[in-house]
Amino acid sequence: MKDNYAIEVNKMSKLYRLGEVGTGTLSHDLNRWWHKVRGKEDPYAKVGQVNDRSVVSNSDYAWALKDINFKVEKGEILGIIGKNGAGKSTLLKILSRITAPTKGEVIMRGRVASLLEIGTGMHPELTGRENVMLNGAILGMTKSEVKASFDEIIDFSGCAKYVDTPIKRYSSGMKVRLGFAVAAFLEPEILIVDEVLAVGDAEFQKRAIGKMQDISKGGKRTVLFVSHNMTSIMQLCPKSILLDAGQIVFQGESQKVIQKYLYDTHKNISQVPFWNKKEDDVKFQNECFELESMYISLSKDSEPIGIANIFAEQETTFLHLIGTLNNKDKRLNIGFELYNDADQLIYFGCNTDSNEPSFTELSLGKVHFIIELPTNILNEGDYKIYSFIGLLDDRMIYNRTTAPNIGISFSLVGLRGYSGLHSHKRKMQINPNIKWYKK
Amino acid sequence: MSDSTFNNVKEKTHVFSKDRSAFSLNLNEVWAYRDLLYLLVRRDFVAVYKQTVLGPLWFFIQPIFTSLIFTVIFGRLAQISTDGVPPMLFYLAGTTLWNYFKDSILKTSTTFRDNQHIFGKVYFPRLVSPISVVISNLLKFTIQFLLFLMFYFYFISIGTNIQPQWQIFLVPLLVIMISGLGLGLGIIVTSLTTKYRDLSFLLEFGIQLFMYATPVIYPLSTIPEKYRTFAVLNPMTSIIETFKVGFLGAGTFNWWHLGYSFVFMTIILFLGIIVFNKTEKNFMDTV
Chain U
1 MKDNYAIEVN KMSKLYRLGE VGTGTLSHDL NRWWHKVRGK EDPYAKVGQV
51 NDRSVVSNSD YAWALKDINF KVEKGEILGI IGKNGAGKST LLKILSRITA
101 PTKGEVIMRG RVASLLEIGT GMHPELTGRE NVMLNGAILG MTKSEVKASF
151 DEIIDFSGCA KYVDTPIKRY SSGMKVRLGF AVAAFLEPEI LIVDEVLAVG
201 DAEFQKRAIG KMQDISKGGK RTVLFVSHNM TSIMQLCPKS ILLDAGQIVF
251 QGESQKVIQK YLYDTHKNIS QVPFWNKKED DVKFQNECFE LESMYISLSK
301 DSEPIGIANI FAEQETTFLH LIGTLNNKDK RLNIGFELYN DADQLIYFGC
351 NTDSNEPSFT ELSLGKVHFI IELPTNILNE GDYKIYSFIG LLDDRMIYNR
401 TTAPNIGISF SLVGLRGYSG LHSHKRKMQI NPNIKWYKK
Chain Y
1001 MSDSTFNNVK EKTHVFSKDR SAFSLNLNEV WAYRDLLYLL VRRDFVAVYK
1051 QTVLGPLWFF IQPIFTSLIF TVIFGRLAQI STDGVPPMLF YLAGTTLWNY
1101 FKDSILKTST TFRDNQHIFG KVYFPRLVSP ISVVISNLLK FTIQFLLFLM
1151 FYFYFISIGT NIQPQWQIFL VPLLVIMISG LGLGLGIIVT SLTTKYRDLS
1201 FLLEFGIQLF MYATPVIYPL STIPEKYRTF AVLNPMTSII ETFKVGFLGA
1251 GTFNWWHLGY SFVFMTIILF LGIIVFNKTE KNFMDTV
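One line per chain: the protein sequences are U and Y, in this order.
First residue of the first sequence? That's 1 in my numbering, and the numbers climb one at a time after it.
First residue of the second sequence? That's 1001 in my numbering, and the numbers climb one at a time after it.
This list has only true hints and no planted wrong ones.
Computed list of chain U residues with no C-beta within reach of chain Y, every gap over 12 Å: (1) A160; (2) F250; (3) Q255; (4) Y295; (5) T316; (6) L325; (7) G335; (8) L338; (9) D343; (10) E356; (11) E361; (12) D382; (13) M396; (14) N399; (15) P404; (16) N405.
Short derived list, chain U residues pointing at chain Y, Cβ under 10 Å: (17) R17; (18) D29; (19) S96; (20) T99; (21) A100; (22) T120; (23) P124; (24) E125; (25) L126; (26) L134; (27) G136; (28) G140; (29) E145; (30) V146; (31) P166.
Read the hints as simulated data drawn from the structure, not as lab findings.
Quick reminder that beta carbons are idealized off the backbone N, C-alpha and C, glycines included.
Whenever a hint applies, use it, and build me the whole structure from the sequences.
Here it is, written out as structure tokens:
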């Protein structure tokens, strides 16, 4: 029953050359050829590194994808998610035959159509009618197929009035509609869709999602769908793949994959338990309070901890928020939020929680808050603390959503009960020290 | 499978890996996309002359002026022989053929660069693109050939002594040979220029120089006997000479020379398609 898979990807890898292609290309090519003649492995494929944008690599080559294995059953709708640069587009390009894999193989069973862009190959001088024919042919339809659904396409696009006008006179929205309309009437066995739904107005997006759902409901077509929009992934794809640095890090039910993805993206805020303002952190600038650093210490006056592990036996931990106050607005609300590794908010607090006037009536200039965090009620695991600033009437200046990089993370280890008889992390939200008594 | 659409997909299975189809020409796939081929040719034709006043008349203007200038410079001033044929007709014959060859090679030699936007977004057999370019140029050639025929019959009607030969029946073959040569050389150049851009500069003035190495503005008979072998090594030489023999009755015809050009064209075309198909797999990474 091997043929039940519409797509099979076996140990597929893709190597890219970094930097300027040109200098040294000829010598590399000759060297490669010389290795090939002697039956040896490509000398540059070995040095390629796992693709991590943020790390400067000392190799000229990088694996955009490495050892990708997955299978897609016929009629399945699979979502592909991942950060920018995780390899999603490269994967789609290989599956669409735009570029070939460096190693491994891909088997596609059925007619493939890929929608990496809307309206590919449309010519501004040609009329809407001519462009529908041309775009359809580029996407792999025959002339008779396009002709058969021509009226429906025009109807769906809502451009009936302008069919015989050159599309250079169209608004950009109309061009997108026309392009999507052609794509919507494609009838391939395998459809590959990149974030094309991210264009157009809200009404059009709704229609596009609806059309995608219709396509997927039939169960006839295998669809691969890449998006940064988790809502549309949830709506359309029962299963998903999570890519990171060119590798599949997780696959399964979309809900779980999305959870993992969201957690991972927030995890990377800082691998150390302190945060200092950088020049480029312009996103959260405001005229009220400028946060300069954020760290954790084990006692009120001690140094910041350097490693991200806190032992759970520690009863309390201290969070420091240091910054400059520029505005004596009484409504100013400075605080923090503590999230666990399932991305759940455990608790938060702010300066206006205190009834001491010194916290609500702050004086201008340098402010150093020390916040005592109850950490002994936390369960073992990874935690993240984000800062937020708002005004009391609920207006947020910034918070985790708008400034996810202002945060620190730490892990809590130990404490599986005080007896030492337990060796597994307990499956619960919090782990307070529950006292037992006997009568 | 319950669904009937899945039963016939086996034949459409694509396997692609690094080594896919190393020596296959992929021509059946090109055939499957013949509708696209037609639409691309149509696009080229329609789009180019939209919003021009003279439209396709431009096809006539260019060869007429080129031939006139050649007549003045090479015929009158330099007094190069035209084998007794009216200079205008002689140059028109040469430039019509040469322009078809030149346009085919130059326009296909930028296939990957010109289409990188489309090629980067959707797959279709890339060969469709250069073939559509050659067909567009063939249409343009046909129009310019009609112009040549108009002049041809005009000169006959005013009583100029022109004797067509039986080689006139070889003209369709000659056109096929020019198409093959232009396409083959063009796609070799475009394949190589995805990595090494230098070649496209070389081609642009190289093709200009190459015209002077081809009997376009002079007959082969003016070349001294001992150098003629070198002139014949140029595959365009015998094509243009045969054309002139057929229509104008003036020139050199030799089955061996023509046969050589044909073999040359076949090899170049075959090689070109292989190199092109190999390049299309990865060119997006280097272009």
